[in-house]
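J.: Residues per chain are reported as follows:
Number of protein chains: 2
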Amino acid sequence: MASTTNKGFAGRYLPILKWLPNYNREFLVGDITAGIVVAIMLVPQSMAYASLAGLPAQVGLYASILPLVVYAFLGSSRVLAVGPVAMVSLLTLSGIGELAPSGTAEFIALALLLALLAGLIQLAMGLFRLGFLVNYLSHPVLVGFTSAAAIVIGFSQVKHILGVTISRTERPYEIFGVLYEALPAVHSTTLIIGIVAIAVLLYFKRYLAGQLMSLGVEQKTAAPIAKAGPLVVVLLGTLLVWGFALNGESGVSVVGNIPMGFPEIGIPGIEFANLTALLPIALIISLVGFTESISIATTLASKKRQKVDANQELIALGAANVAASFSGGYPVTGGLSRSAVNDAAGANTAVASIITAVLIVLTVLFLTPLFYFLPSAVLGAIVIVAVAGLFDFRSMIHIWKYDRFDALALFATFFGVLAFSIEAGIGIGAATALLLYLYRTSKPHVAVVGRVGDTEHFRNVLRHEVRTCPETHAVRIDESLYFANSRELENCLLGAAAENRDLKSIVLICSAVNSIDASALETLERVDEELSSAGVTLYLAEVKGPVTDRLREIGFLDKFGEDRIFLSTHLAFEKLGCKKHD
Amino acid sequence: MASTTNKGFAGRYLPILKWLPNYNREFLVGDITAGIVVAIMLVPQSMAYASLAGLPAQVGLYASILPLVVYAFLGSSRVLAVGPVAMVSLLTLSGIGELAPSGTAEFIALALLLALLAGLIQLAMGLFRLGFLVNYLSHPVLVGFTSAAAIVIGFSQVKHILGVTISRTERPYEIFGVLYEALPAVHSTTLIIGIVAIAVLLYFKRYLAGQLMSLGVEQKTAAPIAKAGPLVVVLLGTLLVWGFALNGESGVSVVGNIPMGFPEIGIPGIEFANLTALLPIALIISLVGFTESISIATTLASKKRQKVDANQELIALGAANVAASFSGGYPVTGGLSRSAVNDAAGANTAVASIITAVLIVLTVLFLTPLFYFLPSAVLGAIVIVAVAGLFDFRSMIHIWKYDRFDALALFATFFGVLAFSIEAGIGIGAATALLLYLYRTSKPHVAVVGRVGDTEHFRNVLRHEVRTCPETHAVRIDESLYFANSRELENCLLGAAAENRDLKSIVLICSAVNSIDASALETLERVDEELSSAGVTLYLAEVKGPVTDRLREIGFLDKFGEDRIFLSTHLAFEKLGCKKHD
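Going down the list, the sequences are from chains A and B. The numbers in the working numbering rise by one with no breaks, and the one at position 14 of the first sequence is 14. With the second sequence counted from 1, adding 1000 to any position gets you the working numbering.
The hints are simulated quantities; they were obtained by calculation from the structure and are not laboratory data. Among the clues, some could well be false.
Unchecked claim - Simulated pairs of lysine to aspartate or glutamate, EDC-like, Cα-Cα distance not exceeding 16 Å: (1) Lys504(A) - Glu488(A); (2) Lys559(A) - Glu574(A); (3) Lys1303(B) - Glu499(A); (4) Lys1575(B) - Glu1471(B); (5) Lys1575(B) - Asp1558(B); (6) Lys559(A) - Glu529(A); (7) Lys1575(B) - Glu1553(B); (8) Lys575(A) - Asp558(A); (9) Lys1303(B) - Glu490(A); (10) Lys1504(B) - Glu1471(B); (11) Lys303(A) - Glu1490(B); (12) Lys1401(B) - Glu529(A); (13) Lys1304(B) - Glu529(A); (14) Lys1504(B) - Glu1553(B); (15) Lys504(A) - Glu471(A); (16) Lys1559(B) - Glu1529(B); (17) Lys544(A) - Glu562(A); (18) Lys1303(B) - Glu174(A); (19) Lys304(A) - Glu1529(B); (20) Lys504(A) - Glu423(A); (21) Lys303(A) - Glu1553(B); (22) Lys304(A) - Asp1502(B); (23) Lys1504(B) - Glu1488(B); (24) Lys1304(B) - Glu553(A); (25) Lys1303(B) - Asp392(A); (26) Lys303(A) - Glu1525(B); (27) Lys1559(B) - Glu1574(B); (28) Lys401(A) - Glu1553(B); (29) Lys1401(B) - Glu174(A); (30) Lys401(A) - Asp1502(B); (31) Lys1575(B) - Glu1456(B); (32) Lys1304(B) - Asp502(A); (33) Lys443(A) - Asp454(A); (34) Lys1443(B) - Glu1490(B); (35) Lys1544(B) - Glu1562(B); (36) Lys304(A) - Glu1562(B); (37) Lys303(A) - Glu1574(B).
Stated by the list, open to error - Computed beta-carbon distance windows for the label pairs: (38) Asp502(A) - Asn1022(B): 19 to 27 Å; (39) Asp1502(B) - Arg206(A): 23 to 31 Å; (40) Ala1431(B) - Asn500(A): 25 to 33 Å.
The beta-carbon is built from N, C-alpha and C at its ideal position, and this holds for glycine as well.
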């Protein structure tokens, strides 16, 4: 649907031009409902995530206006809900926390700059069609990272629930010790508010929808109502603090003054030193943010048999981040729960997101004074409940059972994030995954095969009862041939010759060889020479079409001789005097 | 032959125990001849390479005694000739050059320490069976590295031919400028000696053997004689300088005083700061040295249908390097030309190497005063001629033609070595090769296939005239499924569903899928759900045995349903109502 077809530049880069002309009134009801429901979720969430990022609450609201509109024009997903999310907020804090004290004007300026950088990186990646880069963050690495980040995020909010002030920690895992030391200073009123808020949120999240439905409410109505948990705790918490004046002598920490009115629009100030310092985290934000967003967009689109275009998504998210930085926001991306709600509440097009943005504008213009008495503990509770589900124990067990190598990459990421930092953890995990993959392919499955009975089938001599010939060996290698396994190939062929002095011919079966790189080609040529000087002739069988084409082009086939290449192992054995009946 | 069989600890780690008891007199003639011929090559070469490494000539000789004996006991190759080689000498200079001025006592002490470190790394790699690590240095990276190193080594010796003194350069490529600036100071007598030496060496290398054979000399005799070039130029050069006293007023630079007698045996002094500084270069030396050595050993062994064991080779080379460091030497490895000569001259066992070592001992004990008048230009000429052949232009062209990705890795290494340093070049090249390999496998060849005529064969719809069904698609993916291509898999399956609204079934043909990792499994499960919610059923066909086993273990098959997995595409199509005849 919204994929790139040949409609010129505007059609390619502005998906809105494809669906807006066909917009009809039927779509409007769904879009308005979804726009309102998402706004109800987004107001409290955006303030909570901004506070998680160490930013004033209004920065979260600002990041929920222009980026949504920009994404509506450029995005290839129709239901993705863009805005502040927990993971990116944590990354923002972790990247800027070292450069300035959180909450200061300098800190805010750095957040703007970070959004600009992350946005420009995503734009560049999209324009240069580098969307594939995100493929290198493997599933185990993402599970490890997300689970560790959920712990880090969750525990970073515990201070709000406890009502204590704690010092910044050098390493993520130190938060446990710092919180433990702060336990004697717990502020009990705050703690009660926090725990009640968590209980209410969990009730909304886990039970409310089911109860409503068992009372006869339609799922379509029940699901959005159940998502209003954050709004409810925000209202209740604010009323409570206001009614009992808990922010005064009782000392419950509140959000306080949120400036009213629209943010200033402008290009953020840029200092070169800051740019270099922010670059690594901007890179991580652009990759992680995109990964999260594209997964959600793909899943939601596939249900309706629609397609999303990874590179267009990068462009749209990049532009949204640049818009965030120009309008007083901080890095954004597509959020899982809000997008799911947007979809479930009936969003048909990106008009829903524009309606959400308009409602946030109204909030910023008129409603911010209402949040003065909003307790920080409530925002902390919203974050904790939101990220609790991200700790993915089931996937950990599943991956551990399926593949110890993948599990190793997962735990390397998990403990890397907890022990050092998010960036280090992802780096360690991605590198581990790559090296383990290479290690695995460097030890390919190699089978000496023989003829099954009188058939034309050849199977592993170790697994099946097969007939072999003393003078002819058939070896099947189950991997593409490339530098990391070319020595293994050499060992296996020369080994066969060294172990069996009667050997005259070796047939290398290439049915599982999808490509041969220059190293493997060089090895093949060299091994062929070495075998022939040892009196053994090498033959190839079942070489794939594309591989044959490349070998022919480079002149290998002419030198090697096409008569030494057989269509099938059976034909090779017939020719080499290792017949069916003898 | 010399592979690891079950003969206990000593049999496993001391290959000499397997062949020495069977030694008979027949072997002796060949071993003695080869031992003498290699010694004749090794005396001038070891001094030349030591001078290339920035070390006094005797260090090269010392490195040619104990390491050879140790390798004879431990090595699994019978004809490998261990000792100083050009590449490792250059690496030694590049690693120590930054820490101490070349030729000083401190420099020599660091060379000893470097040999110890490299040796211990190799020993550890061998004992932990990490020989496979060397597989990650791909052929293009090695060609790029060797060719660039040949240039760096060659030009580093030009100063000896020109008779000029030049300052140490920060970056390898700067040598061109420094030499150009030194041109006005060229010492003409030295230059003449250098050019004549090069001419004589080239004559020996290129033409002599052919001429001797055309005069009726047997190849067996002609080949070793042709290898005596270095000895001849050493003798001629020394006599010339001595006869005309060119080292006096004429100012031809000579080797000078070489201490007589055996080197001191002892453990080199170890400073922790030096250890950390030398570690990166020691790692490179251990890997590059081993790569060079194992390639030679494998090639020579395969001719005789013998095997070498990579891990045992690491242990033997590691022990040889430790021996070098204990006896005043510097890092060694198996040398290409000397090993080939050793083999050609008739070496049957490692006894040849022991004879070579004895001859070097005699040289050190009695002959060093003879080298006083040996001009440095002759040593420079020996190195230049030895490394000229390492610049591998033919492989560069071949790799460029065969595979642009591999060529990219090659040139990244080549220019990395010239522009930054050897370590940086190898690092850049290896990383480039890995990333390009991953990029390639992340974009697998995917074919939609159809039935060829009335057969049971299914081929690419783009390449062949085949019949397809509107409601059933068959997709073949030509790559193992893993994290880097799992998103591609997802796009391809969901894309098929999005583009064709009549589609009811997709058959994924897994004949080229050698493994499925946790990321791909997760994607497969998710895509299956997404497809089914879009009304499309996913089937699998031609899943390989080992892959099926893993999928069954983790419970995927139970959940997915074994009835959705077909032995062949043909059976799947029959079952799905897409028959041969309709």
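J.: Can the restraint linking Lys1559(B) and Glu1574(B) be considered satisfied, given a maximum Cα separation of 16 Å?
T.: It is violated: about 23 Å lies between the C-alpha atoms, which goes past 16 Å.
J.: Assess, step by step, whether the Cα of Lys575(A) is no farther than 16 Å from the Cα of Asp558(A), and give holds or violated.
T.: violated, 20 Å
J.: Does Lys303(A) pair with Glu1490(B) here, judged by a C-alpha cut-off of 16 Å?
T.: holds, 13 Å
J.: For the pair supplied as a hint, Lys504(A) and Glu488(A), is the alpha-carbon distance within the 16 Å limit?
T.: violated, 21 Å
J.: Lys1303(B) and Glu499(A) were given as a pair; does the straight-line alpha-carbon distance stay at or below 16 Å?
T.: holds, 14 Å
J.: Quick one, are Lys1303(B) and Glu490(A) close enough, alpha carbons at most 16 Å?
T.: Holds - the C-alpha atoms of Glu490(A) and Lys1303(B) are around 13 Å apart, at most 16 Å.
J.: Within 25 to 33 Å: is that where the Cβ-Cβ distance between Ala1431(B) and Asn500(A) falls?
T.: violated, 40 Å
J.: Against the range 19 to 27 Å, how does the distance between the Cβ atoms of Asp502(A) and Asn1022(B) compare: consistent or not?
T.: holds, 22 Å
J.: Is Lys303(A) close enough to Glu1525(B), meaning Cα to Cα at most 16 Å?
T.: holds, 15 Å
J.: With respect to the beta-carbon atoms only, verify the hint that Asp1502(B) and Arg206(A) lie 23 to 31 Å apart.
T.: violated, 41 Å
J.: Is Lys401(A) close enough to Asp1502(B), meaning Cα to Cα at most 16 Å?
T.: violated, 38 Å
J.: Given the proposed pairing of Lys504(A) with Glu471(A), does the C-alpha separation stay at or below 16 Å?
T.: holds, 5 Å
Violated hints, in rising order: 1, 2, 5, 7, 8, 12, 14, 18, 20, 21, 23, 24, 25, 27, 29, 30, 33, 36, 37, 39 and 40; the structure is consistent with all others.
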